[in-house]
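S.K.: Got chain A sorted already, so can you dock chain B onto it with the hints?
Number of protein chains: 2
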Amino acid sequence: MKEEVLIPPYEGRSVSVKEGEELCIIDVEGKQVGDFVCFNHRDTGEYVSPVHMRASLSSIRLKEGDPLYSNRRRPLMQLVRDTVGRHDFFFPACDYYRYQVDYGEENHPNCHDNLMKALEKYRIRPGLLPDPINWFMNNLLDENWDYEIREPLSRPGDYVRLKALEDVVVAVSTCSQDMAPVNGFKVTPLKLQISGGS
Amino acid sequence: MKEEVLIPPYEGRSVSVKEGEELCIIDVEGKQVGDFVCFNHRDTGEYVSPVHMRASLSSIRLKEGDPLYSNRRRPLMQLVRDTVGRHDFFFPACDYYRYQVDYGEENHPNCHDNLMKALEKYRIRPGLLPDPINWFMNNLLDENWDYEIREPLSRPGDYVRLKALEDVVVAVSTCSQDMAPVNGFKVTPLKLQISGGS
Chain A
1 MKEEVLIPPY EGRSVSVKEG EELCIIDVEG KQVGDFVCFN HRDTGEYVSP
51 VHMRASLSSI RLKEGDPLYS NRRRPLMQLV RDTVGRHDFF FPACDYYRYQ
101 VDYGEENHPN CHDNLMKALE KYRIRPGLLP DPINWFMNNL LDENWDYEIR
151 EPLSRPGDYV RLKALEDVVV AVSTCSQDMA PVNGFKVTPL KLQISGGS
Chain B
1 MKEEVLIPPY EGRSVSVKEG EELCIIDVEG KQVGDFVCFN HRDTGEYVSP
51 VHMRASLSSI RLKEGDPLYS NRRRPLMQLV RDTVGRHDFF FPACDYYRYQ
101 VDYGEENHPN CHDNLMKALE KYRIRPGLLP DPINWFMNNL LDENWDYEIR
151 EPLSRPGDYV RLKALEDVVV AVSTCSQDMA PVNGFKVTPL KLQISGGS
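Quick note, the sequences are listed as chains A and B, same order. Note that full-length UniProt numbering numbers the first sequence so that position 58 is 58, with each residue one more than the last. Note that full-length UniProt numbering numbers the second sequence so that position 61 is 61, with each residue one more than the last.
It should be emphasised that the hints constitute simulated quantities derived from the structure, not laboratory data. Don't be surprised by glycine CBs; every beta carbon is placed ideally from N, CA and C. Heads up, a few of these hints could be off.
According to the in silico footprint, chain A covers these stretches of chain B (three or more CB under 8 Å from chain A) [as the list claims (entries may be wrong)]:
| hint | region |
| --- | --- |
| 1 | 2-10 |
| 2 | 53-63 |
| 3 | 68-79 |
If you anchor each label on the Cβ, the simulated ranges turn out as follows [what the hints assert, rightly or not]:
| hint | chain 1 | residue 1 | chain 2 | residue 2 | range |
| --- | --- | --- | --- | --- | --- |
| 4 | A | Tyr103 | B | Gln100 | 41 to 47 Å |
| 5 | B | Phe185 | A | Glu143 | 26 to 32 Å |
| 6 | A | Lys63 | B | Gly20 | 44 to 50 Å |
| 7 | B | Gln100 | A | Cys24 | 45 to 51 Å |
| 8 | A | Glu105 | B | Ser16 | 54 to 60 Å |
| 9 | B | Thr83 | A | Val5 | 35 to 41 Å |
| 10 | A | Asp167 | B | Thr44 | 41 to 47 Å |
Bound conformation, chain A alone:
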C-alpha cells in the first residue's frame, strides 16, 4: 500500500491518485456515507460530474464496472469493486443552507465546507463545488419516484475500490449529518487507501 489516510468524523481529506493506481474508500465502523468529489489533476476545470454520469450511464444506480464520467463526458475513474451495492449520485452535499433552513442551526459541520477545505491542500478552489457521489448513501425509491433516506447497508470494513484512469485529486468527507438516518444518526470515520493497482 502506498498511502493510508483516516478521515475523522465531521471532516474531509484529499489525496492524489495517479493514473493506474487504485483508491479504496473503507467504511470503518459501518453505516457512514462518504461525500466524494474528484478532479483531473492536470486540468481542474474537469471533474467527476454526477449529472453527466447519469446521462452517460443511462442510470441513477451505480454498479461495478461503471466509469465515473466528467463534465466533459470522459471517464476519470472506474468503480472496480463494491462490497455494498447501494450508493447515491443524485443528492447534494449537505451545506450551510441545509442546516440553517431545515434545522435552524448556524454552525453545523457540513460536507460542502469539509470538501472545499480538504481541496485546499492541492490549491483546488472551484467557484462551485461539483455535485458529490455519496458512497454508501441508501436512498430507497418507491414506485412514484419519491424516495426515503434509509440507514446505509454498509457494515464495518465494507468498501468501494476505484481505479484512476487519469491523474486525479479526490476529496472525501465523512457525511456530517447526525440528525437523520443517512449515517445511522452518528458520524464515524472513513479510511482511504491508495495502492499501485492490479
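M.R.: Structure of chain B alone, referenced to chain A:
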C-alpha cells in the same frame, strides 16, 4: 397577457418574471423538450438547482404544487399547473461534449450554449451553467433504476405554468437534440407567455 416570446428551434430566449406573475411554457407542436434555468434577479448567485430540489422534494418526479428550490434551498418559483405530468430534473443540458463525444459532431447547436447566450440579455454570465429542468422530457425508469429516453408525452398546446415567488430571470432553450427520441427526432418551437397571475 403581459408578454409573449416564441423560441425558434435550436435557440434560447430569456425573460424577466416579477414576483407574483406567472410564466407559461407551451409546447407548440408537441414532443418538444424545453431546457430551463432560473435566476434570482436581485442576486444571480442564487438559482433554481435540480440537485437541491431533489433533496427538498424527496423525489425525482415533479408534480403540480412543487416549489422550484434554489441552491440556497429557498423556493424561487412554483409549478402551479401541468397538463403533461412527465418532466425531467436529473439529466444535463446537451452541450458541445455531448455531440462531440457521442456523435463526432463539432458544431451541433446545443442547449448549454443556447441558454448561456440567452442569459446575456440580462448580463447574467454564470461561471458554470446551473443544471436545467427539462420540461416535457420523458425518461422512463425501470425496476433497476436504469432509464430509457422516450418521446415526450406532450401534445400540441400542452404547457406548464410557473408562478414567480421572487423576481426572476428565466432562460429556456428548445432542446436541440435531433438524433434521438428525446424530441421525437425533430426540434420544434416553444412559446413563453407571462401574465399577471391569478
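S.K.: Each hint should be assessed against the structure and marked as holding or not.
M.R.: Structure-based check of all given hints:
Counting residues of the region 2-10 of chain B whose beta carbon lies closer than 8 Å to any beta carbon of chain A gives 0, which falls short of the minimum of three for the stated coverage. Counting residues of the region 53-63 of chain B whose CB lies closer than 8 Å to any CB of chain A gives 6, which reaches the minimum of 3, so the coverage claim holds. For the region 68-79 of chain B, the stated coverage by chain A is satisfied: 4 residues place a CB nearer than 8 Å to a CB of that chain, which reaches the threshold of 3. The hint said 41 to 47 Å for the Cβ distance between A:Tyr103 and B:Gln100, and at roughly 44 Å that hint holds.
Checked against the given bound of 26 to 32 Å, the beta carbons of B:Phe185 and A:Glu143, roughly 30 Å apart, stay inside it. As the Cβ distance of A:Lys63 to B:Gly20 is approximately 46 Å, the hint placing it in 44 to 50 Å holds. About 34 Å separates the C-beta atoms of B:Gln100 and A:Cys24, a value inconsistent with the hinted range of 45 to 51 Å. A:Glu105 and B:Ser16 have their C-beta atoms about 35 Å apart, which leaves the hinted 54 to 60 Å range violated.
The hinted range of 35 to 41 Å is not satisfied by B:Thr83 and A:Val5, whose Cβ atoms lie roughly 53 Å apart. About 35 Å separates the C-beta atoms of A:Asp167 and B:Thr44, a value inconsistent with the hinted range of 41 to 47 Å.
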